[in-house]
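Trainee: Generate coordinates for the entire structure from the input sequences, incorporating the hints supplied.
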Amino acid sequence: DTAVSQTPKYLVTQMGNDKSIKCEQNLGHDTMYWYKQDSKKFLKIMFSYNNKELIINETVPNRFSPKSPDKAHLNLHINSLELGDSAVYFCASSQDGQAPYFGPGTRLLVL
Amino acid sequence: EDQVTQSPEALRLQEGESSSLNCSYTVSGLRGLFWYRQDPGKGPEFLFTLYSAGEEKEKERLKATLTKKESFLHITAPKPEDSATYLCAGKGAAGNKLTFGGGTRVLVKP
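Protein sequences, first through last, are from chains A and B.
In short: position in the first sequence from 1, add 286, done, that's our numbering.
In short: position in the second sequence from 1, add 52, done, that's our numbering.
Hints listed in this document are in silico derivations from the structure and should not be mistaken for laboratory results.
One or more of the hints may lead you astray.
Simulated restraints on C-beta separations [what the hints assert, rightly or not]:
| # | chain 1 | residue 1 | chain 2 | residue 2 | range |
| --- | --- | --- | --- | --- | --- |
| 1 | B | A146 | A | N337 | 32 to 42 Å |
| 2 | B | K120 | A | D382 | 46 to 56 Å |
| 3 | B | Q66 | A | R349 | 22 to 32 Å |
| 4 | A | L340 | B | K161 | 43 to 53 Å |
| 5 | A | T345 | B | T78 | 32 to 42 Å |
Below are the BS3-like pairs computed for lysine-lysine, each with C-alpha atoms no more than 30 Å apart in a straight line [stated by the list, open to error]:
| # | chain 1 | residue 1 | chain 2 | residue 2 |
| --- | --- | --- | --- | --- |
| 6 | A | K322 | B | K121 |
| 7 | A | K326 | B | K94 |
| 8 | A | K338 | A | K308 |
| 9 | B | K120 | A | K327 |
| 10 | A | K322 | B | K109 |
| 11 | A | K330 | B | K120 |
Stretch by stretch, here's where chain B covers chain A in the computed footprint (C-beta under 8 Å, at least three residues) [claimed, not checked]:
| # | segment |
| --- | --- |
| 12 | 329-337 |
| 13 | 358-369 |
Glycine residues also receive a C-beta, built at the ideal position from the N, C-alpha and C atoms.
Mentor: Structure below.
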């Protein structure tokens, strides 16, 4: 299936831990994103990469570090997790400014 | 700063009862107005992109329209399977960033 996939789907962890979320797209898109959806369902962009180059970096704590090893992958590493990091994180990809296609989300709960 | 506001926050409809969702936007140099559908526990699913005032797009029971300040998503004779949260987002002149509204939760009762 052509899609945007993320792992893991659920992540439950303690405060202070470090965790990573992986994303892969097989749509051949040149741009990938990380979005955060909070408890009120607002989706906000965190990062955008185009051909492995960071092009959007919103006001996100530097505990969040994206890494794009190649055009098809964009991972998100989070250091020293805090309670307020609990949210759903969506990876997305797009081509030539077209509509982004979203992955299924990773539900992060920090205890 | 770009802003997108959706109303109402929630909408309860009887099956067959047509209605419209509103998306007001203030997006500098709008380069696209996007509509998505999101089911519980899933990622947003792309529906439409509108690029200029006056443009309309249709898909089954859904029709999206665009003016210079707002977009509307019309749901004609909805069915229970149309129950979802509908999100709109604007893309401005600065890069590929989409600014999302808070969504409208639609519940269609049989």
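Trainee: Are the hints correct? Go through all of them and say.
Mentor: Results for each hint:
1. The hinted range of 32 to 42 Å is not satisfied by A146(B) and N337(A), whose Cβ atoms lie roughly 19 Å apart.
2. As the Cβ distance of K120(B) to D382(A) is approximately 25 Å, the hint placing it in 46 to 56 Å is violated.
3. Separation of Q66(B) from R349(A) is about 47 Å and departs from the stated range, judged on CB atoms against 22 to 32 Å.
4. At about 46 Å, the CB distance of L340(A) to K161(B) agrees with the hint of 43 to 53 Å.
5. Separation of T345(A) from T78(B) is about 19 Å and departs from the stated range, judged on CB atoms against 32 to 42 Å.
6. A threshold of 30 Å between alpha carbons decides the hint, and for K322(A) with K121(B) the separation of about 26 Å falls inside it, so the pair holds.
7. About 15 Å separates the Cα atoms of K326(A) and K94(B), which keeps this hinted pair within 30 Å; it holds.
8. Taking the CA atoms of K338(A) and K308(A), the gap is about 15 Å. The hint holds against a cut of 30 Å.
9. Taken as a hint, the K120(B) and K327(A) pair is honoured in the structure, with Cα atoms around 26 Å apart against an allowance of 30 Å.
10. For a cut-off of 30 Å, the pair hint linking K322(A) to K109(B) stands: about 28 Å separates their Cα positions.
11. A hinted pair counts as satisfied when its Cα atoms are at most 30 Å apart, and K330(A) with K120(B) qualifies at roughly 23 Å.
12. Restraint check on the segment 329-337 of chain A versus chain B: 5 residues with Cβ-Cβ distances below 8 Å, three needed, restraint holds.
13. With 0 residues carrying a beta carbon less than 8 Å from a beta carbon of chain B, the segment 358-369 of chain A misses the three-residue requirement, and the given coverage is violated.
Checked against the numbered hints given earlier, the structure breaks hints 1, 2, 3, 5 and 13 and satisfies all the rest.
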